[in-house]
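Chain by chain, the residues run as shown.
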Amino acid sequence: MSQQEREAVHPLTLFLADGNSWINFDVTSFKTLFWDNTFNGLTYGAIYSLIAMGYTLVYGVLRLINFAHSEVFISGAFAVYFTLSYLGFGGAHPSLSPIALVGDLLLAAVAAMVVSGIVAIILERVAYRPLRKRNAPPLVFLITAIGASFAIQYIWYAFRGANAESAVIMFVPHPVFTVFGTNIDDQQITIVAAAILVMVVVDRFINHSRFGRGIRAVAQDPDTATLMGVNKERIIMITFLVGGLLAGAAALFYVMRVPSGVQYNGGFNLGIKAFAAAVLGGIGNIRGAMLGGVLIGLIGDYGQTLLGASTWSDIIAFVALVVILMFRPTGVLGESLGKARV
Amino acid sequence: MSAARFARAVTVVAVLSLALTGCAAKNNATSSGAGSGPTGPVNLPEQTALPVPGDAAKPAGDGKAKCSGVTIAYAGAESGGNAQLGINIYSGIQLAINQHNTANPGCQVAFKKYDTAGDPAQAPGVVTQVVGSKDIIGAVGLPFSGESKATGGIFQTGGLVHITPSATNPSLTTNGWTTFFRALGNDSVQGPAAAKFLTGKLKAKKVCVIQDDSDYGIGLAKETNATLGGSADTACSDKVTTGQKDFSSTVSKVMAAKPDAVFYSGYYAEGAPFDQQLVNKGFTGVFLGPDGTKDIAFVKQAGAASSNAYFVCPCVPGELIPSFAQAYAAANSGAAPGTYSLEGYDAATVLLAGIDSGATDRAALLNYVKTYNADGLSKHFQWNSTGELANTTVYGYKVQNGKIVFVGTV
Amino acid sequence: MTTTAKHVRPVTRESGIRRFRTWWNSLSRPQQWLGMVPVVALVYLLPLWHTMPIFSTEPNKDFPISLFSAAVLVLVALGLNVVVGQAGLLDLGYVGFFAIGTYVTALLTSKDSTLHKLPYLATLPLAMLVTMVAGLLLGTPTLRLRGDYLAIVTLGFGEIVRLLATIVPAVKGQVGLQEVGHPPGTQANGQPIFGPTNGTAWYWLVVTVIIIVLLFIGNLERSRVGRAWVAIREDEDAAQIMGVSTFKFKLWAFAIGAAIGGLSGALQAGQVGFVNNQDFGVQFSVLYLAAVVLGGSGNKVGVMLGAFIVSYLPNRFTFLSGTTVQIGKLALHLQQYLVFGLALIVLMIFRPQGLLGARLRLLANGRQAYQRLVGRPEQLSSDSALTSEQEAV
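Residue numbers (our numbering), protein chains in the order written: chain C, 1 to 342; chain A, 1 to 410; chain G, 1 to 393.
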């Protein structure tokens, strides 16, 4: 186009295909990579689900969006890194017997859960409890959450610097099955199976144990629950603890999949997507969080293949969130940790 | 459901998943052996010698210089995600200044660092401060192309000469700035060199070009694609974002196209996980990265997968120049020189030589740099009217045993 | 406790600040404006004192430019205050409006864009208009959501705007648009008055804009619209029952807030001279919210104070970045954001209502009415209407 023609370009064409096209509908790739994306989406979806469950639990009980949960997660990831480095894992492919490997992974998982749990409890004690005692308005909790998020991120930065940590490779994925023409590797199976196990355990805990009943009671009506003899402060601590344990498990799976992802700000973007997943499924609803995580993982992967660039993955996830909320404001499965309070 | 049944169900599921993991691990244990991963079809030998010009200018000069109250500034990243490149550079500058000040008791040049975090939005405020400080008569910076673009005009307004040791975007010298000088080749040299390296020495017939969304990545990919022409398979080219860690869909696309080589146009923070995920999915070809990827952090973050990696860089392998490498290690607790340390060192040397020759204000130093014509440790420095060097070479590197080694010029 | 309390004297144990505020409210409006003149003069003169002890951000960051950034954040916080503080709508995606404002200005003035060019000052009202339309577009389907759901949807919107800025080729993602325009005028040495290095001129421009916006918002606050917002904020259902068309007023709040956000974006784009997609993440929305809450949401002066602190603290502590503290064998890399995060936590614990609480003025011409009828200053609540009732009894 000549200079004058370019100067007078109609604004609308800015947003349509412009030579360097931004929407490349790629239906062929979408079809060929469909099952690939499905299994990948399920794997990452499992990780999102575990983190989303943490968000949803705290929201259900306290009506608080715990922005610092992504930092609880990344603290767990650091714990995994340190444990595995200490045990001798590194950039090289490990050659261990299966028992030793499983043992090491379990150890790392326990370390991650413990560290994440501790960070979550400290967070609750230091940042949120004083505000509860002063009856602060909900907005203030949000700001404190953000302050805590910054603080924890930069504490890790102070100790570890800006770069991501060296890779710790747990095991090299090998294809196990071939389904619909796509390979499923053992890493994917491990993550999904273990994540399902953890989710089942937590679901049982919430729905069938004494503490779980306490959590649901406080979520439904804190004052009546206190009158009925539930120790509110202890329940809140347990809620944060369970959220932390879930984040720790998610951290192990994440480092398994992305060995170089341990960085001071590595939790932030993951946290936003996991939070969107929690809302998508119905904030306050545990099963909703599980579903939401899987949905976000799948939609993101399908979207980016269909639309031709990796950047679309996040946009599609948020657009899906906004659209679903507009038609179903309480999320796909609706609020239900204690049957929604208005 | 009773507690016993619950416990049983949990145990069953636990055992099943442990068994699966066990199977997985067993697969791995029997097939992993060497532990150093695939190395691709080509293996270029390491070079250990680099010719250094005999009369290369040294910061110490002749030891008889006289000056007072002059400062050299560094403006660029000291913090943030890609801070390592900035740290390498100012360590090189610091070394040059220390050597100069030790040898010239009559001329003590001060050194001030200003942190922009590599962010083009923060850089103008910081550079305004630099330009506004009257004692600063020369600067080395800024390291990244985006922030250089945002601040070149401010340097121009202040008449402050600045030599960039690493910003490679070609358009930086087309803005009519007379104070901007580049101490290395730009992307319109690096891009074609990368393409030549791929199709020539690395014998790749099909290449997938993956670019990130930074100014640097996009510009370089364009240059490389132009020279690669038909060798670049457009069906497997993809765009990724800075900060991305999960590259599964890009990796799937690349694996479906089965290329001989992948060229990643971007920085190490994303290049490393990308390479690692490629290798995890079974990629056995060559991974080529440009200067933004060439850093020991890449090797650390990609682990064993990085053994398939080659790099092109307009930067000189400073670790092969013994005098420089030893002095750098002594000043930085044994650390080896990093990418662009030598360029920072040489740029500072040019400015110091100007101060030694009697330049006491910005105009004089600017004029000195404009008419400079001498060898440095890394190359011959003589700039044309737009601030580009006359001769530029691109160097090739590869990863070997967890280190980055030189394999010859491209 | 006594039960007389028919004629109420103000609580005897009033703190100094309380007394000051009561006295201030007893002045008539022209008297208040006169009293503000020295304060405004001080604000205008601030950037000329580069080497102010303790407060100056030099030598790490140019002081007038730091003040300019603070002033832009003050403007943003005023806009967000309309949405969050006055109407009570939790908006976590405010940076989206800011981004739209910067891009409108950049696209219409930068040499890198393909649109027809306009003079910079003409793009300011256009930026406000486009952002207002965006606010209406966002608000219409989503303002029926309540509380936290609205927060989440606005968060999604903010992220979508940022990601679109990455993907739409015309706005050039990270490469960005250079040489954004500026108001006309050249200095004696040929440099433009409003160049990227002259923070003082830009700061004065923004402060002038802030004063105009303050007058505008103040008027709104004291009008029917402001009272409707208070009603919606305190109890939306009750307001609806009493006949306030909540949806319309919420949409108004959104649109006005968006317009102010767009305006501040346009001003920032002009000063920096370079726009790219890196500064529009969620953490900025959250920062703006922190500024509003820190200052006291609902209170214009408080919000300005909060915004100033939020912008100023990281700039003041820039000298920390890149420094390393050695403790034995451990090296700690410090960053100003660590101080900032901890400061937020501590401030929220010790002052959750914000620095200055919101004051409710529900009576039109209340000042004159009180003076004439009761002979003393207007009774103002510090947090909400309910609290003041309890105080009175």
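The set of hints was computed from the structure by calculation and includes no laboratory data. Heads up, a few of these hints could be off.
Claimed, not checked - Sample of chain A residues at the chain G side, in silico, Cβ under 7 Å:
#1 Pro120
#2 Ala121
#3 Gly125
#4 Gln129
#5 Ala150
#6 Ile154
#7 Asp238
#8 Thr360
#9 Asp361
#10 Asn401
#11 Gly402
What the hints assert, rightly or not - Subject to a maximum C-alpha distance of 30 Å in a straight line, what follows is the list of computed DSS-like cross-link-like pairs (lysine-lysine):
#12 Lys300/A with Lys281/A
#13 Lys222/A with Lys111/G
#14 Lys31/C with Lys300/A
#15 Lys31/C with Lys370/A
#16 Lys206/A with Lys31/C
#17 Lys111/G with Lys370/A
#18 Lys300/A with Lys113/A
#19 Lys222/A with Lys31/C
#20 Lys58/A with Lys258/A
#21 Lys112/A with Lys58/A
#22 Lys248/G with Lys222/A
#23 Lys245/A with Lys31/C
#24 Lys31/C with Lys205/A
Unchecked claim - Derived Cβ-Cβ restraints for the label pairs, each shown as a range:
#25 Gly106/A with Val37/G: 31 to 39 Å
#26 Phe247/G with Leu106/C: 51 to 59 Å
#27 Thr224/C with Glu234/G: 48 to 56 Å
#28 Gly185/G with Lys113/A: 47 to 55 Å
#29 Gln326/A with Pro184/G: 38 to 46 Å
#30 Asn175/A with Glu234/G: 51 to 59 Å
#31 Pro138/C with Asp135/A: 29 to 37 Å
#32 Gln368/G with Arg129/C: 28 to 36 Å
#33 Asn391/A with Gly190/G: 54 to 62 Å
#34 Pro119/G with Gly243/A: 54 to 62 Å
#35 Arg29/G with Pro329/C: 15 to 23 Å
#36 Thr140/G with Gln220/C: 41 to 49 Å
Glycine is no exception: its CB is placed at the ideal position from the N, C-alpha and C atoms.
Hints, verified against the model:
no., hint, in the structure
1, Pro120, "holds, 6 Å"
2, Ala121, "holds, 5 Å"
3, Gly125, "holds, 5 Å"
4, Gln129, "holds, 5 Å"
5, Ala150, "holds, 4 Å"
6, Ile154, "holds, 6 Å"
7, Asp238, "violated, 13 Å"
8, Thr360, "violated, 21 Å"
9, Asp361, "violated, 17 Å"
10, Asn401, "violated, 28 Å"
11, Gly402, "violated, 23 Å"
12, Lys300/A with Lys281/A, "holds, 19 Å"
13, Lys222/A with Lys111/G, "holds, 21 Å"
14, Lys31/C with Lys300/A, "violated, 36 Å"
15, Lys31/C with Lys370/A, "violated, 58 Å"
16, Lys206/A with Lys31/C, "holds, 23 Å"
17, Lys111/G with Lys370/A, "holds, 29 Å"
18, Lys300/A with Lys113/A, "holds, 28 Å"
19, Lys222/A with Lys31/C, "holds, 29 Å"
20, Lys58/A with Lys258/A, "violated, 49 Å"
21, Lys112/A with Lys58/A, "holds, 21 Å"
22, Lys248/G with Lys222/A, "violated, 50 Å"
23, Lys245/A with Lys31/C, "holds, 24 Å"
24, Lys31/C with Lys205/A, "holds, 27 Å"
25, Gly106/A with Val37/G: 31 to 39 Å, "violated, 56 Å"
26, Phe247/G with Leu106/C: 51 to 59 Å, "holds, 55 Å"
27, Thr224/C with Glu234/G: 48 to 56 Å, "violated, 25 Å"
28, Gly185/G with Lys113/A: 47 to 55 Å, "violated, 34 Å"
29, Gln326/A with Pro184/G: 38 to 46 Å, "violated, 57 Å"
30, Asn175/A with Glu234/G: 51 to 59 Å, "holds, 56 Å"
31, Pro138/C with Asp135/A: 29 to 37 Å, "violated, 52 Å"
32, Gln368/G with Arg129/C: 28 to 36 Å, "violated, 47 Å"
33, Asn391/A with Gly190/G: 54 to 62 Å, "violated, 37 Å"
34, Pro119/G with Gly243/A: 54 to 62 Å, "violated, 36 Å"
35, Arg29/G with Pro329/C: 15 to 23 Å, "violated, 43 Å"
36, Thr140/G with Gln220/C: 41 to 49 Å, "violated, 34 Å"
In summary, the numbered hints that this structure violates are 7, 8, 9, 10, 11, 14, 15, 20, 22, 25, 27, 28, 29, 31, 32, 33, 34, 35 and 36.
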